[in-house]
Each structure stands twice: as structure tokens, then as C-alpha cells.
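Protein chains: 2
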Amino acid sequence: MKLDDLPTPCLVLERPILQRNLDAMAQAVARHGVALRPHMKTAKSIDVARLALATPQARPSGITVSTLAEAEYFVGHGITDVLYAVGITPQKLEQVAKLNVAGASVMVITDDPEVASIIAAQPHPPRVLVEVDTGEHRGGVAPEDPALLDIAARLGQTLAGVITHAGHSYAGRSAQQMADIAEIERSGAVRAAERLTAAGLPCPIVSMGSSPTALHAANLDGVTEVRAGVYMLGDLFQAEIGTHGLGDIAVTVLASVIGHRPSQGQIVIDAGGIALSKDRSTEAAPHDWGFGLMLDLHGQRSFGHALVKRAYQEHGMVDLDPKLPAPDLPIGAKVRIAPNHICMTAAAHDRYFVVDGSDTVTAIWPRVNGW
Amino acid sequence: MKLDDLPTPCLVLERPILQRNLDAMAQAVARHGVALRPHMKTAKSIDVARLALATPQARPSGITVSTLAEAEYFVGHGITDVLYAVGITPQKLEQVAKLNVAGASVMVITDDPEVASIIAAQPHPPRVLVEVDTGEHRGGVAPEDPALLDIAARLGQTLAGVITHAGHSYAGRSAQQMADIAEIERSGAVRAAERLTAAGLPCPIVSMGSSPTALHAANLDGVTEVRAGVYMLGDLFQAEIGTHGLGDIAVTVLASVIGHRPSQGQIVIDAGGIALSKDRSTEAAPHDWGFGLMLDLHGQRSFGHALVKRAYQEHGMVDLDPKLPAPDLPIGAKVRIAPNHICMTAAAHDRYFVVDGSDTVTAIWPRVNGW
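As given, the protein sequences belong to chains B and C, one line each in that order. Just so we're aligned: the first sequence equals residues -1 to 369 in our numbering. Just so we're aligned: the second sequence equals residues -1 to 369 in our numbering.
If you're looking for bench data, these hints aren't it; they were derived computationally from the structure. It is possible that some hints are incorrect.
Since the list gives no way to pick out one identical chain from another, each pair is judged satisfied if it fits inside one copy or across any two copies.
Pairs of lysine to aspartate or glutamate, EDC-like flavour, derived with a Cα cap of 20 angstroms [to be verified]:
#, residue 1, residue 2
1, Lys0, Glu92
2, Lys307, Glu281
3, Lys307, Glu134
4, Lys0, Asp357
Using the sequences plus the hints, can you model the full thing?
Below you can see the structure in the form of C-alpha cells.
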């Protein structure tokens, strides 16, 4: 099967780029001697997870997930060491317990004293990390917050450590800025861990991470594991903030040309707001890539600066590069769209069509979407 | 099963509101004596389709779909009169032919002369509508464009009429503006049809539509059918532009509270950018609803003006209404989010949990997502 034969829109995954991204992260993490816990929220694929774990120099310790559907899927495929890194609710504990009673080790996180007490009172409680806020202000208690010790104490035997996520690293625009944020993230997590230890509470795990801080951190002293996910596949936003280059985007959306608007300098493709997502994260970046950058069937930038500027449900309107002659793209011709934010884009698709540096599809890898 | 027992995030569909919306559209269309061809791109559900077709006063003529996955799904469930209303590519004709050879009547659309010739040369060509541009400038040829007759003539026996979509009605902000755009849409489609007829070409179908123009059109003379989809479920954007009221939103996202940020006046919910979509269409509307409006478990507006202001992949940050006391929402409490743009929001979910004016789930209706 060739790319040109695939139904559109669909996801194309370039395995050599994926492998290069995995190797780069493994090397970055190996510098520090900490364990990598790949976050599968982006790829949502057992095939990708197996490759991400096959980097011994990064001492991968298991995986991170963003939904219980992912947890069930990966446990079902034999990956039992799983961290569910979204604040747990009491109602979700039964689902976690089922996995753990069956032999998995699914850890959860909380920043709430009441929830901590509820977890500790469960017949089959999971291990728990206390969520620490090191500046993102999305979840977690501050490292110096008195609540930190209260939550940890309530967790009792279920306490397994602390976790933080410097999602505000995405506001960074240079390697130095990322390194600075990584240091805030590291020092905050370590400070929280020190407070637990000083209070006589166990803290075997000190978990931090985001792709930018994992790659750019200068020092990870005191940290035991790093989480990152988007680095595997990459996207235009990550390229903008310097996590990788434009050529390191491993997943694109294959689309067909379905219309010509020569008077508007546009073509129409069958990848719209669902296939690409409505994510506009590059809007605030140095370069605004619209809803995505149009590449040719081979993933090359033959069309210059051709951006998806409008995204209807199933129609994408591509502004062609006015500096180039109009490309020869009859109705039905295939193009590929580099995504703005791959976590969002991939979520609409149930599989990857995998290629290895040619137009031949060598594998189809399913994804676990939903909840 | 009660709403409070459901795993979150998920979609809740209020059947009485859906039925009210279906009845309102049926009445609006019945005024004109034209047929309604419900667009299933929003609901993507056979259960909703059956209700949408059970409005005899609107003389429903079949359905509209936005993907071939929808076409296959609805044909497989016995709805054989289907219009695939996204520009066809030659590569997709085989899939359409398979459905038609098996007894369906799937129509397609084109605005391209080459494609018209290719269709006419097929062993099992579908019936085809020529796409006419009445101002949206997304697809179609202008009613006066010489290409219109060229395309129609090339289609030969496969020509079934003309189709237009006044998607620019979404820029309207009042019933009068919608009616004005509806008249541009109607007159353009009818003019195109007149040109075909004057040239001796058949034009049995004159299809127009969008939820706003279908509801607000003052006159549909010369039109044979109207398409509309989002009216069934409704959303904040449609409420903003006056298609319906806030109380007419039939589908909401059920979410759990997973965090408290009292110092920020926020709570965190487990519905983020995937569960809600990153659609920001209300940004340009009179009222910007962020990524959605938070309602209580019963769908009531108990929290005032509480908006999802940030949407991470699986986290939504809700700005609480500063004019109201902080609501009693412990971790795990359920809320519902009225969506910005239901076509986008629903696309991430594989089913509806249906309620009938109470908290009891009375049915689960699957959706057909993807391509």
C-alpha cells in the first residue's frame, strides 16, 4: 500500500523521525542519570510506547498516561507500570483498583486533602504522588504550602512521592529560557520532597517534566524521573519554541485536494477542523502557522509558505505561497499537513499509517482515543 | 444509571430539547413547502437521524453527510438517500459506487470540470449536484460563471441539480441579516438552476442550507430542499447568532471537578481541549464564551457566568463567577459544559448518554466519528 492509495484524511507517521526523536530525548535524559517515564498522551499507541521504552540509556521506568482509557489499554498490552497524571477523583478509584488487583501498578496523583484521606481508606489503594505547583498554576500545592505535609500525611502507606509539571515552559522561546524554567521546576519538586523527608515521610519518587524542560534542563539533581510526550511526534508549536526543528515532525495529516480557488490564491483540502483540530497555539508564537503547514506527498516543503488559514468541519482552506507559481495539484492530489499541536490533531484519528522513508505503508498502528 | 454515575468526560443529550429543536426546524421549513434534508455531520447518530426524519411536515427527503464514513454508517442502518456534501475526488468514487451498487442512492457534489468528466465515465456513476458559490467562497462556481454549464454538460446523465451553502450566514448577527443572506443563497442557487434549465440541462434538485438560513429564510421559491444540521443539538455560537436560545442547547459535556484554585478564583475540570475541542468561534461573537459555559449537573445555570477559560489536553480551567459565592463543588462533583461549537466538541466522543428531563440515563446512542 502506498501513501497515494490511502483514504483521506489520515495520519502518516514517519518511523525514522520518531526513532530520531526518541533517541534525542533518551540522550538528553541520560545526561542526568534519571529515569524517563514517557507520556503516552500524545502518541496513544502501544507500538510507539514499545519503541519509547526501548531506550535503555534513559532507564525507562514505565509510562505516563492522561486518561484511564489509556491506562487500561497499555496495561492490557503488558505495560503495567503506569502513572495516571491527571488529578484523581474518588469515583475513578474503583477503575484503578481493578487494574491493580489484576497485577498492574497504576499510580495516581492528588493535591487535595479530602481525596488523600479517601484514597488511604480504600481496600485496594493505589500508590499516590502529591501534585506540586512549580509555576504553571494548573494543579498542585506550592512546595512551601502547609497543605503539602497534610496531604502527604493523610496518604499514609500510599504515599509514593511528588510530581510537578512545568507546563509554563511552553511560554519559553529559547533553550536558555527552557533551562531556567526547568530549574524552577526541579528545585520546586526537590524542595517539596525535602519537606516530606524532613517530616519523616517517604518520598521515593520525584517526578517532573515536559518535553521542553526534559530536553533543556541543565541539572536534575534530586529528581528521580522525567516525563515527556510530545517530543516523540513533534509539531509546529514545539518547533517554534525550539524543542526540535521543522524536520523533526514525525506525524502529518495526509489530505486530498478537493477544490481550487485561483482567484483567492487558495486550494481546498479535505482536512478541516476535525482532522487538524482547531488548536491555534502558534498564534502566540513568533510564527503563526495557522491550522498547519502544507507539505507535499513526500513530506517535503515544496509549496513554500502554504498555510491552512481557515478550518471548517471537513474543509481546510490553504493560502498558497504567493511567491511561488501555483502548484500542479489536481482534485484528488495528496498533500500532507504538519500540525500545529499534535496532541490535539492526532486525537481525531484512530490509527497511524507508518512509513519508513518511502511512500510505502509498512504498518498500521492503532491509537486509544476517548476516555 | 444516573448522570452522577457516568465516567467523565462524556456527552449528555437531552432528548426533549433535541425534539423541540427538530420540531422548530420542521415548522420553519414547512412554511415554504420544501423538503428538509437533515445534515448528520453534527449528530452523527442513527438514533438522531431517525428522529430528524420523523417530521413529516418537513417532507424529509433523505440525509446529508460530511464524510464517507457517515455515508456507509447511515446506509448500513437503512437510510439510503444520502447526499455527501463535500467536493468529491475521483479516488473516492469507488467507495460511493459500492454503496450504490448495493442499493443505496448516494449523491455527490463537484465544482470541477475534470472531475465531472471522470464521474460521467464511471461504470456506476452516482448522481451529482454542481456546487454553486453564493458568497461563502469555500467551494463552488458562481451562478453566472461559464464553468457552471461546462461542468453540468460534462456530467451528462449523472447531473441531478445544484447545491449551495451560505456558510457566511454565520457572520450574521440578527434574524434580518440571516434572512438577507438566505435570500442571496436562494437567488444564487435558483439562478444557477435557471441557467441549466435554459441550456436544456436537467435540474430536478436545488439544494441550499445552513441552520441559520433554513430557520430565517423569508422565501424559498425555486428551492427544492434545505439542508441543516447544527440546529438539532445547538451550541453557544448558534445561541450568539440567534439560531436558538441558550436553553435550546441539547448536548453538553459532563465533567468532574478535579481541582480547586481558590486563590485564582478557579476550579479545574477533567474536560479539556480534547473533550471540549479548541474551537473558539464565540471569540468573534458579541459574547465570548471561552471554551464553554459551566452548568450544574442538571444542566441549569447555577454558577452564573462560569467559563472554561483555558483548555489543556485533559484539564479545563473554569473561571468562577466573582459575583457569586464559591460553589460547593468537592473533587469528583459533576458539572456540565455547554459547548462553543457542538460539531467540533461532539467529534471527540463516541456516544451520547441520553436523558429525558431527569438525571436518569434512558439510552446510549453511538456516534460515527472519523473517516
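Comparing the hints with the structure gives:
Taking the shortest Cα distances, Lys0 and Glu92 sit within 20 angstroms of each other only across copies (17 angstroms), while inside one copy they are farther apart (45 angstroms). For the homomeric pair Lys307 and Glu281, the shortest alpha-carbon distances inside one copy (11 angstroms) and between copies (17 angstroms) are both at most 20 angstroms. Taking the shortest alpha-carbon separations for Lys307 and Glu134, only the inter-copy value of 15 angstroms comes in at or below 20 angstroms, while the best intra-copy value is 30 angstroms. Taking the shortest Cα distances, Lys0 and Asp357 sit within 20 angstroms of each other inside one copy (5 angstroms), while across copies they are farther apart (50 angstroms).
Checked against the numbered hints above, the structure violates none of them.
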